[in-house]
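Q: As given, the protein sequences belong to chains A and B, one line each in that order.
Note that the working numbering has the first sequence beginning at 1, numbered continuously upward.
Note that the working numbering has the second sequence beginning at 1, numbered continuously upward.
FYI, nobody ran anything at the bench for these hints, they're computed from the structure.
Each residue gets a CB set at the ideal place from its N, CA and C atoms; glycine is no exception.
Don't take every hint at face value.
[Claimed, not checked] Derived Cβ-Cβ restraints for the label pairs, each shown as a range: (1) P206/B - W44/A: 34 to 42 Å; (2) S214/B - I33/A: 44 to 52 Å; (3) N86/B - F254/A: 18 to 26 Å; (4) P75/A - T290/B: 27 to 35 Å; (5) R218/A - S214/B: 31 to 39 Å; (6) T290/B - W44/A: 55 to 63 Å; (7) E77/A - S140/B: 39 to 47 Å; (8) S214/B - V391/A: 19 to 27 Å; (9) E220/A - S140/B: 54 to 62 Å.
[Claimed, not checked] Derived list of chain A stretches under chain B, where covered just means 3 residues or more per stretch with a C-beta under 8 Å from a C-beta of chain B: (10) 60–74; (11) 97–104.
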Amino acid sequence: MTQSNTILPPLTERSGVIRWLRKNLFGSWLDAILTIVGAFIIYWIVKELWTWVFTVAEWQVVATNLRLFMVGQYPLEQVWRLWIALAFIMFLTGNSLGIWARKSYFATILLLAFPVLLTLFPFGDEPRKWLIILTIVGVIGWGIGRTASEKLSRIVIIGWIISLPIFILLTRGFSPEDGIMPIVGTNLWGGLLLTFLLTVVGIIFSFPLGVLLALGRRSELPVIRLASVLYIELVRGVPLITVFFMAQLMLPLFLPPNITIDRVLRAMVAVTLFSAAYLAENVRGGLQAIPKGQFEAAHALGLNGLQTMYFIILPQALRLIIPILVGQFIAVFKDTALVAIVGLFDLVGIAKTVLAQPDFLGLQREVYVFISLIYWVLSYGMSYLSQQLEVKLGVGKR
Amino acid sequence: MRKTLWFMSMLIVVSLALAACGGGAPSGGGETVTVVETVIVEVTSSAPVVVAPTGFGVTLEAVKARGNLICGVNSQVPGFGYIDANGDFSGFDVDYCRALAAAIFGDASKVEFRPVTAAERFTALQSGEIDILSRNTTWSLVRDTELGGNFVHTTFYDGQGMMVPADSGITTLADLAGGTICVQTGTTTELNLADVMAAEGISYTPAVFEDADSTFAAYAENRCDAVTTDKSGLVSRRTVLADPSAHVILDVTMSREPLGPMVRHGDDQWFDIAQWTVFAMIVGEEFGITSANVDSIKTSATAPEVLRLLGNEGDMGLKLGLDNDWAYNIIKLVGNYEEVYNRNLGPDTPTYIPRGLNSLYTDGGLLYAPPVR
Numbered sequence: 001m002t003q004s005n006t007i008l009p010p011l012t013e014r015s016g017v018i019r020w021l022r023k024n025l026f027g028s029w030l031d032a033i034l035t036i037v038g039a040f041i042i043y044w045i046v047k048e049l050w051t052w053v054f055t056v057a058e059w060q061v062v063a064t065n066l067r068l069f070m071v072g073q074y075p076l077e078q079v080w081r082l083w084i085a086l087a088f089i090m091f092l093t094g095n096s097l098g099i100w101a102r103k104s105y106f107a108t109i110l111l112l113a114f115p116v117l118l119t120l121f122p123f124g125d126e127p128r129k130w131l132i133i134l135t136i137v138g139v140i141g142w143g144i145g146r147t148a149s150e151k152l153s154r155i156v157i158i159g160w161i162i163s164l165p166i167f168i169l170l171t172r173g174f175s176p177e178d179g180i181m182p183i184v185g186t187n188l189w190g191g192l193l194l195t196f197l198l199t200v201v202g203i204i205f206s207f208p209l210g211v212l213l214a215l216g217r218r219s220e221l222p223v224i225r226l227a228s229v230l231y232i233e234l235v236r237g238v239p240l241i242t243v244f245f246m247a248q249l250m251l252p253l254f255l256p257p258n259i260t261i262d263r264v265l266r267a268m269v270a271v272t273l274f275s276a277a278y279l280a281e282n283v284r285g286g287l288q289a290i291p292k293g294q295f296e297a298a299h300a301l302g303l304n305g306l307q308t309m310y311f312i313i314l315p316q317a318l319r320l321i322i323p324i325l326v327g328q329f330i331a332v333f334k335d336t337a338l339v340a341i342v343g344l345f346d347l348v349g350i351a352k353t354v355l356a357q358p359d360f361l362g363l364q365r366e367v368y369v370f371i372s373l374i375y376w377v378l379s380y381g382m383s384y385l386s387q388q389l390e391v392k393l394g395v396g397k398r
Numbered sequence: 001m002r003k004t005l006w007f008m009s010m011l012i013v014v015s016l017a018l019a020a021c022g023g024g025a026p027s028g029g030g031e032t033v034t035v036v037e038t039v040i041v042e043v044t045s046s047a048p049v050v051v052a053p054t055g056f057g058v059t060l061e062a063v064k065a066r067g068n069l070i071c072g073v074n075s076q077v078p079g080f081g082y083i084d085a086n087g088d089f090s091g092f093d094v095d096y097c098r099a100l101a102a103a104i105f106g107d108a109s110k111v112e113f114r115p116v117t118a119a120e121r122f123t124a125l126q127s128g129e130i131d132i133l134s135r136n137t138t139w140s141l142v143r144d145t146e147l148g149g150n151f152v153h154t155t156f157y158d159g160q161g162m163m164v165p166a167d168s169g170i171t172t173l174a175d176l177a178g179g180t181i182c183v184q185t186g187t188t189t190e191l192n193l194a195d196v197m198a199a200e201g202i203s204y205t206p207a208v209f210e211d212a213d214s215t216f217a218a219y220a221e222n223r224c225d226a227v228t229t230d231k232s233g234l235v236s237r238r239t240v241l242a243d244p245s246a247h248v249i250l251d252v253t254m255s256r257e258p259l260g261p262m263v264r265h266g267d268d269q270w271f272d273i274a275q276w277t278v279f280a281m282i283v284g285e286e287f288g289i290t291s292a293n294v295d296s297i298k299t300s301a302t303a304p305e306v307l308r309l310l311g312n313e314g315d316m317g318l319k320l321g322l323d324n325d326w327a328y329n330i331i332k333l334v335g336n337y338e339e340v341y342n343r344n345l346g347p348d349t350p351t352y353i354p355r356g357l358n359s360l361y362t363d364g365g366l367l368y369a370p371p372v373r
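Can you build the whole structure from these sequences, using the hints too?
A: So this is what it looks like as structure tokens:
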């Protein structure tokens with residue numbers, strides 16, 4: 001402490017429970033009354049919620065239909081493929097945390113222990129076994145990542161890039177009926193699996209499309225600029241649900257009779273095209289925030305237009321709009337719930353059909369609380385990870 | 001950096017290719033459909049609508065080539081169409097699809113259920129995405145004509161019903177004399193109620209509400225002695241009451257809501273198959289043939305109509321373009337009308353609806369099938 005340079009705050013602002021309480025909660029008579037009333041309201045809410053969750057609610061509906069919520073009508077004997085796909089992603093997650101987030105112990109432990117935490121819920125033996133395997137795989141990946149060289153990090157990046165194709169390949173299967181991985185039609189994909197795939201495909205494909213549209217809108221070529229403006233304004237001018245209705249109801253009427261496009265694929269394309277228009281405007285906002293000097297400096301270095309964009313402008317612009325991008329991605333995640341209206345069994349769609357089971361009639365609260373919890377955990381997860389990314393990239397500090 | 005760019009483009013290409021593969025139809029695909037003709041029909045909005053190929057025998061041929069029946073169903077109506085905890089479709093309308101598959105393939109599982117919403121059901125039928133619509137759809141003139149469909153037969157006679165608390169002792173409309181009835185305003189429900197009560201000379205006080213939610217909320221708060229809407233609606237509304245078993249639906253029907261399967265215009269053979277599937281189930285009930293005793297009846301029966309129905313005599317199935325044991329398969333694999341009804345809407349289910357009009361004509365109901373000859 002001898003070398004300490006910290007400036008101590010004035011005595012009145014120093015810590016101490018009573019001092020803190022007096023300052024923040026009981027500063028005046030009005031504060032005191034508000035604090036007491038507030039505390040009472042919180043107590044009441046928590047107490048009611050506690051009573052409902054642990055004594056009134058009939059969670060049997062969730063426990064019995066857990067498989068429907070997670071994978072929809074996906075054949076039970078093929079679910080192992082999804083676990084394998086998840087294990088692959090878990091391995092990559094562990095790897096990446098080991099390589100790039102060596103100091104974020106809290107995030108690492110949380111992410112790797114998450115599957116094991118889930119075993120606390122009544123999930124049955126088979127899922128429990130897999131959840132424990134997930135954590136083990138994650139920890140192994142982390143261990144390898146920590147001792148990694150530059151070379152490994154490149155392999156991990158490739159792993160992430162092929163993770164979506166692998167996930168879709170494992171989900172869909174490729175062999176005939178009696179083979180090791182028989183094809184599972186998209187009409188059987190449902191629940192969280194469908195929500196997840198719609199979201200991930202929507203995000204991954206709308207991102208490059210959105211960047212291209214944003215660049216197109218700033219292009220000096222009138223045709224490209226006009227086309228981009230037209231696309232962005234047209235798509236932003238209609239609600240997502242009408243895009244879904246167009247894709248699911250109108251499209252079949254216009255197509256020749258013997259051509260059918262898969263319904264899930266139609267929904268994926270609709271999400272992607274819709275999200276791209278919004279992303280384009282977000283990216284354009286980032287592009288406009290880059291000072292003109294950056295362009296001029298790049299030109300002075302002899303970089304051409306493409307190189308300027310790729311090496312100078314986009315890295316800065318995209319870094320700036322991370323919070324907006326994550327907001328957009330969370331919105332995409334939640335917007336996919338609209339496919340329930342056009343008859344696909346995403347998380348919300350499957351919840352509605354579970355509510356029609358004669359054995360569990362009238363349990364709306366339990367079912368909707370459960371899926372809300374799933375939505376919240378995943379949305380907050382995305383938000384938390386983006387904050388970690390921002391800290392790492394120093395957004396807002398430079 | 002250049003490498004990353006290359007990887008990104010690879011990712012996009014590979015994913016696109018996979019997504020495109022994922023788009024393929026799961027089993028066999030619909031490409032084998034022989035295009036006979038493309039019919040342009042005028043819809044209400046007078047927009048030209050391309051209708052799936054139709055013509056005598058085309059649908060059956062396409063279904064057989066595909067190897068399964070695609071049936072448009074509801075997935076959110078208790079008792080009629082929903083997904084059970086095993087991930088299988090269940091319900092009254094769903095079992096009809098299974099019966100049709102049994103008639104065609106002799107295998108009730110060769111059916112792909114396509115959940116369709118109220119908004120898209122007619123489009124799905126017109127565009128050929130589904131072979132038949134079996135989704136609690138009310139038969140009406142407009143739907144029978146302009147929407148390009150034919151109603152096969154009424155499989156469930158729905159109608160306006162009345163729900164009362166079980167301990168109220170009310171069993172008929174007359175018991176409601178002088179009582180208060182919750183009803184939604186501005187609907188045919190309200191008018192039907194007034195008509196029926198006036199015709200029977202029963203005085204009552206209507207308690208009218210703007211929407212269905214507040215109507216049933218008022219009933220739940222005991223602000224009225226009874227509540228009225230369509231029977232299947234009463235069943236699903238009852239489920240969200242605090243104690244569903246404390247309420248009963250009276251065995252009276254106050255309006256006509258005939259629900260049944262629907263097929264596309266233009267393929268009379270398909271229409272016949274769909275219709276006689278319903279008839280076979282009704283005739284099965286009339287002669288007491290069930291999935292349990294159909295085998296013994298098939299060997300011991302002497303009644304000529306039963307022999308014709310089960311394929312022992314004549315060639316009824318062949319006339320429909322099916323195998324001769326089509327009706328045997330329906331009853332053996334799915335059951336007769338009574339079995340299907342009781343499985344989904346019977347007294348042992350939480351979605352119990354008294355049979356009422358859905359009884360055989362011999363029991364005072366409306367189920368009446370033409371003779372199998």
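Q: A separate judgement is required for each hint: does it hold in the structure or not?
A: These are the hints, each one checked on the structure:
| no. | hint | result |
| --- | --- | --- |
| 1 | P206/B - W44/A: 34 to 42 Å | holds (39 Å) |
| 2 | S214/B - I33/A: 44 to 52 Å | violated (37 Å) |
| 3 | N86/B - F254/A: 18 to 26 Å | violated (37 Å) |
| 4 | P75/A - T290/B: 27 to 35 Å | holds (31 Å) |
| 5 | R218/A - S214/B: 31 to 39 Å | violated (53 Å) |
| 6 | T290/B - W44/A: 55 to 63 Å | holds (57 Å) |
| 7 | E77/A - S140/B: 39 to 47 Å | holds (44 Å) |
| 8 | S214/B - V391/A: 19 to 27 Å | violated (50 Å) |
| 9 | E220/A - S140/B: 54 to 62 Å | holds (59 Å) |
| 10 | 60–74 | holds (count 7) |
| 11 | 97–104 | violated (count 0) |
Against the hints set out earlier in the document, violations occur for numbers 2, 3, 5, 8 and 11.
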